[in-house]
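Trainee: Sequence:
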Amino acid sequence: MCGFFGTFFGNQTLAKKMFSLQHRGPDGTNSFENKDVYFKHFRLAIIGNEKNAKQPMFSFDGSVGVVFNGEIYNYKELASSIGRKNLIEYGDTRVLVELLAKEGLSCFSKLNGMFSMAIYFKYQNEIVLLRDRFGIKPLFYKLHGNSIYFASEIKSLKKIFSDITFDNQKIINFLDNAEYPHFQDTFYKNIKQLQGGTYLKMNKNGFKIHKWFCLKEYFKNFNKNNLSFEGYEDLLKDSIQLRTRSDVPISLHYSAGTDSTALLLKLKEVYEDNIPINTFTMAYNELSIDESYLAEEYCKELNIKNHKVYLNANEVPHLAATVNQFQDEPYAGIPVIAYYKMNKFEKDLGYVVSLEGQGGDEGLGGYLYHIYLAAYDLYTSGSNNELLELILKNNNLNIKEVINQSEKLIENGFNVHTDLTDFKTSNNKLKFKKFYDWLTTIQVYDILINKIPRVLRFHDRVSMALGREIRFPLLDHRLITYGLALDVNLKYHQGYSKGPLRNIIKSELKNVYNQSKRSVVTPQTIWLKNELKTWAYERIELLNQKKIIPDKYFSSAQAFFSEKSSENSFKVWQLINLSFNFE
1 MCGFFGTFFG
11 NQTLAKKMFS
21 LQHRGPDGTN
31 SFENKDVYFK
41 HFRLAIIGNE
51 KNAKQPMFSF
61 DGSVGVVFNG
71 EIYNYKELAS
81 SIGRKNLIEY
91 GDTRVLVELL
101 AKEGLSCFSK
111 LNGMFSMAIY
121 FKYQNEIVLL
131 RDRFGIKPLF
141 YKLHGNSIYF
151 ASEIKSLKKI
161 FSDITFDNQK
171 IINFLDNAEY
181 PHFQDTFYKN
191 IKQLQGGTYL
201 KMNKNGFKIH
211 KWFCLKEYFK
221 NFNKNNLSFE
231 GYEDLLKDSI
241 QLRTRSDVPI
251 SLHYSAGTDS
261 TALLLKLKEV
271 YEDNIPINTF
281 TMAYNELSID
291 ESYLAEEYCK
301 ELNIKNHKVY
311 LNANEVPHLA
321 ATVNQFQDEP
331 YAGIPVIAYY
341 KMNKFEKDLG
351 YVVSLEGQGG
361 DEGLGGYLYH
371 IYLAAYDLYT
381 SGSNNELLEL
391 ILKNNNLNIK
401 EVINQSEKLI
411 ENGFNVHTDL
421 TDFKTSNNKL
431 KFKKFYDWLT
441 TIQVYDILIN
451 KIPRVLRFHD
461 RVSMALGREI
471 RFPLLDHRLI
481 TYGLALDVNL
491 KYHQGYSKGP
501 LRNIIKSELK
511 NVYNQSKRSV
521 VTPQTIWLKN
531 ELKTWAYERI
541 ELLNQKKIIP
551 DKYFSSAQAF
561 FSEKSSENSF
571 KVWQLINLSF
581 NFE
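Numbered by the numbering used here, the letters in the sequence shown go through residues 1 to 583 in order.
Don't read these hints as lab results, they were simulated from the structure.
Keep in mind that a hint or two might mislead.
Claimed, not checked - Calculated pairs, EDC-like style, for lysine to aspartate or glutamate (alpha carbon to alpha carbon, straight line, at most 20 Å):
| hint | residue 1 | residue 2 |
| --- | --- | --- |
| 1 | K155 | D185 |
| 2 | K571 | E301 |
| 3 | K529 | E315 |
| 4 | K533 | E508 |
| 5 | K506 | E179 |
| 6 | K237 | D185 |
| 7 | K189 | D167 |
| 8 | K431 | E179 |
| 9 | K51 | E89 |
| 10 | K85 | E103 |
| 11 | K506 | E301 |
| 12 | K189 | D437 |
| 13 | K211 | D185 |
| 14 | K268 | E286 |
Note that the structure is predicted; figures quoted are calculated from it, not measured.
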């Protein structure tokens with residue numbers, strides 16, 4: 001896990017002035033340059049010692065050089081596959097660069113990990129920028145004439161180019177529809193992000209972007225009739241074993257929900273009760289919304305140490321400014337700030353790596369609008385009325401509501417909150433053709449476009465601001481696709497969503513087995529109406545004075561403060577958030 005920036009065919013003197021990414025890699029800095037290429041790398045030491053793992057790193061034959069951000073979890077297996085098992089002593093970057101020298105770009109499909117990288121092929125004098133399958137690790141670039149500049153964070157590029165400003169239409173889309181840019185877009189003009197599962201190749205003849213991983217194509221390799229709970233659990237176990245390879249301590253972020261509880265129990269199984277991991281949970285003093293007691297209760301029952309990390313209202317103004325410096329783009333509010341504080345708490349205790357349960361809802365249909373479409377598919381196909389009735393009963397739904405809301409959801413291009421409130425009518429909404437069925441279609445949407453890309457960005461910037469690494473066992477590409485392809489009878493076993501994960505927890509924590517999906521509950525609305533009201537007014541007024549955003553958005557904020565019944569604080573948070581970006 002690291003950060004890097006550089007240029008190809010660009011002005012190297014200018015490139016060297018990019019904003020430092022030392023926060024991403026506090027354990028070492030190194031660079032490489034020749035007449036056409038410049039790389040600078042900032043290392044966070046997770047696997048391998050400094051002498052053997054220093055980057056930029058060239059293959060032993062000198063043909064390939066790489067700067068790399070992330071982890072190749074299966075580097076030991078890859079070293080064995082090319083008959084060079086001794087390479088594991090040098091760490092995953094050495095295995096990667098020798099694999100590239102031996103097999104070229106065809107080796108990408110063998111990598112299991114999270115990664116972004118810049119690869120220099122010396123003899124061809126060309127560069128390849130690459131991002132992992134789901135875009136877990138970031139990579140941004142700017143084309144400038146016949147040259148390219150690239151970096152792990154937007155701020156590095158902003159430092160040297162004056163034409164990098166917010167795209168006003170993207171800001172309006174965000175305010176109107178809570179819409180975050182998709183695919184290659186960012187909130188900025190003239191800055192692109194490399195999409196997950198793609199690579200950009202550039203030489204003297206120009207550049208071209210290629211797709212190296214397609215989720216829908218990979219999905220076709222899975223035969224639904226051969227999938228089972230046992231198969232899912234075997235993959236999860238392997239994913240955990242790969243993602244607990246580390247030379248530094250590892251912790252687990254634990255919400256006491258289905259995903260993180262299943263992850264915790266499977267960790268316990270992998271380590272046969274000698275689990276070397278402590279859990280950390282976000283907590284608030286507002287008893288009406290705080291659910292950290294559940295994490296404390298479950299961990300006590302499992303004999304695992306749990307740390308509760310409290311966020312207080314008076315900390316928010318300072319932390320909001322700090323987090324904004326690292327996010328570069330608008331982010332989702334109090335949960336991200338709480339997450340930053342938890343990461344800091346862990347780092348102070350010496351935990352450099354954490355496991356996180358992100359991916360269970362997307363891979364196994366856990367959101368409410370997934371449940372609606374699962375029921376809608378069953379109704380329209382008439383394939384399993386018994387399962388349909390169980391889903392309706394367990395989620396307190398009626399079929400007329402399911403039909404109405406599902407058709408509205410499809411018509412609106414899935415442009416709605418996951419709890420099916422506040423449907424959007426944006427002219428920019430995406431339209432989707434059915435892929436296998438509507439449930440699978442919306443899962444793919446959440447994995448590739450909506451939920452996962454946005455949350456991963458929040459996670460990356462918050463953790464890397466403190467020089468920490470977050471790993472996602474449930475986002476292993478094999479596991480995500482297995483869950484996606486799992487038959488609806490197993491995905492919604494006995495009418496409950498996320499069947500494979502609930503099956504894991506059923507034997508040890510029965511009270512978690514049939515609990516409904518819990519939304520992330522924070523005191524954001526309570527605080528903005530009370531303790532943080534004055535601060536919120538001040539921040540919003542600062543933005544208002546800039547006269548950048550139409551007045552109507554400030555009117556909606558006033559309504560939030562004046563109407564006691566208003567519970568949607570996101571409109572207010574959007575303005576507070578933007579006030580920092582336009583300072």
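Trainee: Take the hints in turn and mark each one as holding or not.
Mentor: Quick rundown of the hints versus the structure:
At roughly 16 Å between alpha-carbon atoms, K155 and D185 fall within 20 Å of each other, so this suggested pair holds. Only pairs whose Cα atoms come within 20 Å are accepted, and K571 paired with E301 is rejected, the gap being roughly 40 Å. Our distance criterion of 20 Å between C-alpha atoms is met by K529 and E315, whose separation comes to about 16 Å. At roughly 44 Å between alpha-carbon atoms, K533 and E508 are farther apart than 20 Å, so this suggested pair is violated.
Between K506 and E179 the alpha-carbon distance is near 37 Å, which puts this suggested pair outside the 20 Å criterion. About 35 Å separates the Cα atoms of K237 and D185, which puts this hinted pair outside 20 Å; it is violated. For a cut-off of 20 Å, the pair hint linking K189 to D167 stands: about 5 Å separates their Cα positions. Only pairs whose Cα atoms come within 20 Å are accepted, and K431 paired with E179 is accepted, the gap being roughly 15 Å.
Proposed proximity of K51 and E89 is supported: the alpha carbons are some 11 Å apart, at most 20 Å. Restraint check: the Cα-Cα separation between K85 and E103 comes to about 16 Å, which is no more than 20 Å; the hinted pair holds. Of the supplied pair hints, the one linking K506 and E301 holds, its CA atoms being roughly 14 Å apart against a limit of 20 Å. With a C-alpha separation of about 36 Å, the suggested pairing of K189 with D437 is violated against the 20 Å cut-off.
Note on K211 and D185: the hinted pairing holds, with a Cα-Cα distance of about 16 Å set against a maximum of 20 Å. Restraint check for K268 and E286: not satisfied, since their Cα atoms lie roughly 31 Å apart, outside the 20 Å limit.
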